[in-house]
Amino acid sequence: MLMAILSLTVLGSLLGLGLGIAARKFKVEGDPLVAEIEALMPGSNCGQCGFAGCPRLAAAIASGSAPVTACPPGGKALALALARKLGISIDLAAVADQGPRIATVAEDICIGCCRCTKVCPTDAILGAAKQIHNVIREACTGCGNCIDRCPTEAMALQPLPVTLQHWIWPKPLDGAALAPARG
Amino acid sequence: MTAYLLLLLSTALVNNVVLVKFLGLCPFMGVAKSMDSALGMGLATTFVITLACAATWMLEHWLLLPFDLAYLRILSFILVIAATVQFVEMVVKKSAPTLYQALGIYLPLITTNCAVLGVALLTAQESMGFAQTLVYGFGSALGFTLVMLMFAGLRERLALARVPAAFAGAPVSFILASLLALAFMGFAGLNF
Numbered sequence: 020m021l022m023a024i025l026s027l028t029v030l031g032s033l034l035g036l037g038l039g040i041a042a043r044k045f046k047v048e049g050d051p052l053v054a055e056i057e058a059l060m061p062g063s064n065c066g067q068c069g070f071a072g073c074p075r076l077a078a079a080i081a082s083g084s085a086p087v088t089a090c091p092p093g094g095k096a097l098a099l100a101l102a103r104k105l106g107i108s109i110d111l112a113a114v115a116d117q118g119p120r121i122a123t124v125a126e127d128i129c130i131g132c133c134r135c136t137k138v139c140p141t142d143a144i145l146g147a148a149k150q151i152h153n154v155i156r157e158a159c160t161g162c163g164n165c166i167d168r169c170p171t172e173a174m175a176l177q178p179l180p181v182t183l184q185h186w187i188w189p190k191p192l193d194g195a196a197l198a199p200a201r202g
Numbered sequence: 012m013t014a015y016l017l018l019l020l021s022t023a024l025v026n027n028v029v030l031v032k033f034l035g036l037c038p039f040m041g042v043a044k045s046m047d048s049a050l051g052m053g054l055a056t057t058f059v060i061t062l063a064c065a066a067t068w069m070l071e072h073w074l075l076l077p078f079d080l081a082y083l084r085i086l087s088f089i090l091v092i093a094a095t096v097q098f099v100e101m102v103v104k105k106s107a108p109t110l111y112q113a114l115g116i117y118l119p120l121i122t123t124n125c126a127v128l129g130v131a132l133l134t135a136q137e138s139m140g141f142a143q144t145l146v147y148g149f150g151s152a153l154g155f156t157l158v159m160l161m162f163a164g165l166r167e168r169l170a171l172a173r174v175p176a177a178f179a180g181a182p183v184s185f186i187l188a189s190l191l192a193l194a195f196m197g198f199a200g201l202n203f
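Protein sequences, first through last, are from chains A and B. To get my numbering, take the position in the first sequence, counting from 1, and add 19. To get my numbering, take the position in the second sequence, counting from 1, and add 11.
Read the hints as simulated data drawn from the structure, not as lab findings. No experiment lies behind these values; they were computed from the predicted model shown. Even for Gly, the Cβ is constructed at its ideal location relative to N, Cα and C. Hints may be right or wrong, so weigh each one.
Unchecked claim - Quick list of in silico lysine to aspartate or glutamate cross-link-like pairs, DMTMM-like style, CA-CA up to 20 Å:
| hint | chain 1 | residue 1 | chain 2 | residue 2 |
| --- | --- | --- | --- | --- |
| 1 | A | 190 | A | 172 |
| 2 | B | 104 | A | 48 |
| 3 | B | 105 | A | 50 |
Said to hold, decoys possible - Partial chain B-side listing against chain A, Cβ under 7 Å, derived:
| hint | residue |
| --- | --- |
| 4 | 15 |
| 5 | 78 |
| 6 | 80 |
| 7 | 102 |
| 8 | 104 |
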């Protein structure tokens with residue numbers, strides 16, 4: 020009995036120690052640029068870029084095999100941030116930016132089938148079987164995965180509605196833009 | 012030498028680990044969908060089973076038997092196999108990145124695979140010598156790889172066939188697996 024406890028404890032500790040030392044000794048340094056690019060991304064692994072999740076797209080962007088505009092949910096803001104990070108210039112005309120959008124449910128035609136809840140990468144859709152679903156605004160990244168899944172076309176991407184919590188002062192127009200109007 | 016060759020043949024074909032002993036059925040059904048992944052899984056399993064057999068033989072003969080602890084076999088085998096696979100994964104990741112790309116995703120999957128543990132337990136039960144254990148493990152793993160490749164090839168053909176709706180997908184794969192198992196029963200007639 021004592022021998023069994025002792026031998027397993029020693030065996031476990033030795034193996035654990037060995038693995039711990041090996042983890043230090045054989046550590047593989049990842050590309051720090053990939054980690055930085057990944058930190059900028061939405062991180063919801065929605066797959067709209069065609070890669071298997073955000074880490075793969077980050078690696079592709081870092082190696083130059085994918086354009087910085089490849090992330091649809093990230094849109095213009097992400098493309099700009101990535102271009103600044105990589106020090107390259109991009110043509111933003113290619114990025115159709117409709118502003119931040121989130122998914123919405125048309126309550127009158129939602130049949131409560133739960134299909135959209137299963138494909139949501141951020142668990143932003145709330146709903147049970149045969150109950151009308153709803154979208155948690157703060158959690159939705161606007162990836163659009165749920166749109167095609169809906170059998171009744173009740174899901175749609177809408178511009179982020181302005182609420183009291185979200186409203187901000189509009190930016191003052193700069194002089195250049197105002198000058199022709201004055202003259 | 013002939014004895015070892017016969018042992019290799021009998022473990023790979025006659026006592027096939029998947030189709031006769033019915034071990035390691037989850038990768039058999041799950042991963043054997045395309046030839047590429049089946050080959051990767053097979054090679055990774057070959058590697059792990061051979062290594063696990065060597066590690067567990069040492070454990071059995073240097074710790075468990077001298078201290079009369081044979082009842083701790085399963086527990087300590089799992090511990091040692093899991094640690095060995097983790098260690099190998101780290102070393103391969105550091106020293107051979109291309110090999111890691113090919114085998115890396117499958118290595119953690121088979122850490123606690125029943126085929127790996129089953130083969131190690133069988134060799135311990137039959138109290139084989141070290142070289143015999145290695146050949147037994149390698150032969151079993153070869154049989155596993157062979158069956159994975161055969162099944163993947165058949166399923167690739169099956170994907171193009173017209174299957175009745177009630178049988179489409181998993182059911183027809185199970186029927187295919189049972190037919191393969193029946194075919195492997197034929198090897199039972201081989202007497203060495």
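* If you check each hint against the structure, which ones fail? -> Going through the list in order, the structure violates hints 1 and 4 and respects the others.
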